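Asker: Sequence:
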Amino acid sequence: MKKFELVAELSKEFFGCKLFRIRALISFSNVSKGDLGGWVEKEECVDQSGDAWVSGDARVYGNARVYGNARVYGNAQVYGDAQVYGNARVYGNAQVYGDAQVYGNAWVSGDAWVSGDARVYGNAWVSGDAWVYGNAWVSGDAQVYGNAWVSGDARVYGNARVYGNARVYGNAQVSGDARVYGNAQVYGDAQVYGNAWVSGDAWVSGDARVYGNAWVSGDAWVYGNAWVSGDAQVYGNAWVSGDARVYGNARVYGNARVYGNAQVSGDAHHITVSPIGSEGGFLTAFRQKDNSIVVGRGCFSGSIEEFEKAINATHGDSKYAEQYKIVISLIKSRLEAVEQSND
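For the sequence shown, my numbering assigns the number 1 to the initial residue and increments by one for each residue that follows.
To be clear, the hints were calculated from the coordinates, so they are not data collected in a lab. These numbers come from a predicted model, not from an experiment. No residue lacks a Cβ here, since even glycine has one placed at the ideal position from N, Cα and C. The reader is advised that the hints may include incorrect statements.
Unchecked claim - Simulated crosslink set (DSBU-like; lysine-lysine; CA at most 35 Å straight-line): (1) Lys2 x Lys12; (2) Lys33 x Lys18; (3) Lys18 x Lys42; (4) Lys289 x Lys319; (5) Lys12 x Lys42; (6) Lys289 x Lys325; (7) Lys12 x Lys33; (8) Lys332 x Lys309; (9) Lys42 x Lys2; (10) Lys2 x Lys18; (11) Lys289 x Lys309; (12) Lys33 x Lys2; (13) Lys332 x Lys289; (14) Lys325 x Lys309; (15) Lys332 x Lys319; (16) Lys319 x Lys309.
Unchecked claim - Distance ranges between label pairs, derived from CB positions: (17) Lys2 x Asn183: 44 to 52 Å; (18) Asp57 x Gly34: 13 to 21 Å; (19) Asn165 x Ser29: 37 to 45 Å; (20) Asn213 x Lys33: 29 to 37 Å.
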């Protein structure tokens with residue numbers, strides 16, 4: 001037996017499609033016989049079995065399907081080849097279209113869009129003005145909201161939250177209890193997980209990992225194969241790249257540049273000085289995994305000995321040479337006295 005019918009006398013044109021109100025022919029779930037539902041283009045848009053239903057001013061058209069126990073209501077739209085099923089809910093002004101699928105116990109609401117080949121499932125929520133598209137998946141207990149976008153082949157899962165104006169794309173993954181928000185971007189093959197937070201205008205890209213209780217914020221950038229973990233914080237205009245590891249209680253900030261095989265597990269393992277030199281730039285020195293010290297200044301990157309030679313060749317006996325000699329003494333005093341584990 002059919003559970004609903006199209007009401008021929010209640011129809012309207014919508015973007016070139018003729019939509020019909022539906023009316024329940026039997027009582028099921030919280031729908032009573034005779035109740036008017038939402039708008040569909042054809043019977044195939046809503047399954048005649050199960051508790052699936054479209055209500056309010058919601059519209060389902062094209063080759064879209066709503067089935068299982070799914071509900072679409074409010075002013076929501078489901079169209080194209082999209083599917084909403086299981087116990088999923090799509091409501092508010094939300095749109096699900098293209099080949100997108102929303103299923104399980106997932107909710108899509110507000111002005112959110114789910115499109116392309118995207119999947120939203122499990123207990124996930126997508127709300128506000130968020131957009132999930134491409135081949136992206138949002139699953140588990142994850143939430144994407146605000147003006148956040150998740151796209152490409154990105155995955156957001158676990159109990160993760162992506163919100164504000166954040167962007168997660170490429171093959172990036174955000175999971176666990178991680179938070180990505182503000183104007184932050186996570187992309188490439190980067191991963192943010194555990195209790196890590198990425199915020200502000202920070203970027204995490206490449207094969208980088210941010211995990212544990214780590215924070216990356218401000219205008220910081222973590223990229224390459226760099227890892228930031230433990231209770232470490234990277235903020236300001238700092239960059240962490242290459243195969244660098246920043247962990248423990250380390251703080252990398254300001255205009256610091258930590259790269260190569262750097263191992264920074266505390267504040268005693270790196271130093272940044274600014275302004276310095278004739279251009280008033282900044283200098284960063286840090287320990288590497290083999291306990292050697294690298295100095296970075298402008299285009300220069302090398303050992304302390306190489307840096308001393310470069311200073312002598314460039315600045316001779318000028319006041320800038322004297323400034324650099326003082327800084328070199330500080331680097332040696334601060335970093336050469338530190339015993340660092342290679343773990």
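Asker: Which hint numbers does the structure go against, in order from smallest to largest?
Answerer: 20
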